[in-house]
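When we follow UniProt numbering, the leftmost residue of the sequence shown carries the number 1, and every step to the right adds one.
Don't read these hints as lab results, they were simulated from the structure. Every residue, glycine too, gets a C-beta built ideally from N, C-alpha and C. Be aware that a few hints might be false.
As the list claims (entries may be wrong) - Result set (DSS-like, lysine-lysine): computed pairs, CA atoms no more than 30 Å apart in a straight line:
#  : residue 1 : residue 2
1  : LYS17     : LYS115
2  : LYS17     : LYS28
3  : LYS35     : LYS17
4  : LYS115    : LYS90
5  : LYS28     : LYS61
6  : LYS90     : LYS61
7  : LYS61     : LYS115
8  : LYS17     : LYS61
9  : LYS35     : LYS61
10 : LYS90     : LYS35
11 : LYS115    : LYS35
12 : LYS28     : LYS90
13 : LYS28     : LYS115
Claimed, not checked - What follows is a list of derived Cβ distance ranges for each label pair:
#  : residue 1 : residue 2 : range
14 : ASP113    : ARG4      : 10 to 20 Å
15 : THR81     : SER47     : 24 to 34 Å
16 : SER111    : ILE5      : 11 to 21 Å
17 : GLU3      : PHE25     : 15 to 25 Å
18 : PRO39     : ILE97     : 16 to 26 Å
19 : ALA93     : LEU60     : 30 to 40 Å
20 : LYS115    : GLY2      : 18 to 28 Å
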Amino acid sequence: MGERIGTLMSLTFVVMKRPVVLMPFLAKIVEVIVKPLDPNIPNMRDSLLSSVTPALQDILKTYPAVKFQSSTQRLALGDNTGEVVVFDLKTGAPWQILEGTPKGRTVVSFSPDGKTIAHILPKMQQFVSGNRRPTCLG
């Protein structure tokens, strides 16, 4: 587990010092950081939770394409394909994928009650809003 903690700390360092370098890989990085939260692997969850939390907090502070909704414990990530991936932090897995329009990083936000996600494609000047509905991942 020590090497995983070291990896999370290294990622956090790069996020804070050179965030642009990681932008093309942000979706995969978030997936890797969230995966240890899987309750089916309790040893990993227990040992990495204290490292995952600050790593996610740094990502949330740095990238407008990532938002957290506390009451649902879900994290939304807009990627450079225009998709929005919503992770369930209780399970450490993707919960829903919202298709977007390609060719543009997506900026995301949850409504205050967590029932709606809005995502904006700045380059295309497009705004999309909708209720979260479970998909085959839900």
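Range hint 10 to 20 Å (beta carbons of ASP113 and ARG4) holds or violated: 34 Å, violated
Is LYS115 close enough to LYS35, meaning Cα to Cα at most 30 Å? 23 Å, holds
Holds or violated: LYS90 and LYS35, Cα atoms, limit 30 Å. 10 Å, holds
Would you mind confirming whether the straight-line C-alpha gap from LYS28 to LYS90 stays at or under 30 Å? Roughly 18 Å between the alpha carbons, so the hint for LYS28 and LYS90 holds.
Taking 30 to 40 Å as the stated bounds, is the beta-carbon spacing between ALA93 and LEU60 within them? 19 Å, violated
Are THR81 and SER47 spaced within 24 to 34 Å by their CB atoms? 33 Å, holds
Starting from LYS17, check that the Cα of LYS115 is at most 30 Å away, please. 34 Å, violated
Restraint status (C-alpha distance of LYS28 to LYS61 at most 30 Å): With a Cα-Cα distance of about 18 Å, the restraint between LYS28 and LYS61 holds, given a limit of 30 Å.
Is LYS35 within 30 Å of LYS61, Cα to Cα? Within the cut-off at roughly 20 Å; holds.
18 to 28 Å was suggested as the range; check whether the CB atoms of LYS115 and GLY2 agree with it. 40 Å, violated
Holds or violated: LYS35 and LYS17, Cα atoms, limit 30 Å. 24 Å, holds
For the pair we were handed, LYS61 and LYS115, check the Cα-Cα distance against 30 Å. 22 Å, holds
The structure is inconsistent with the numbered hints 1, 14, 16, 19, 20, although it conforms to all the rest.
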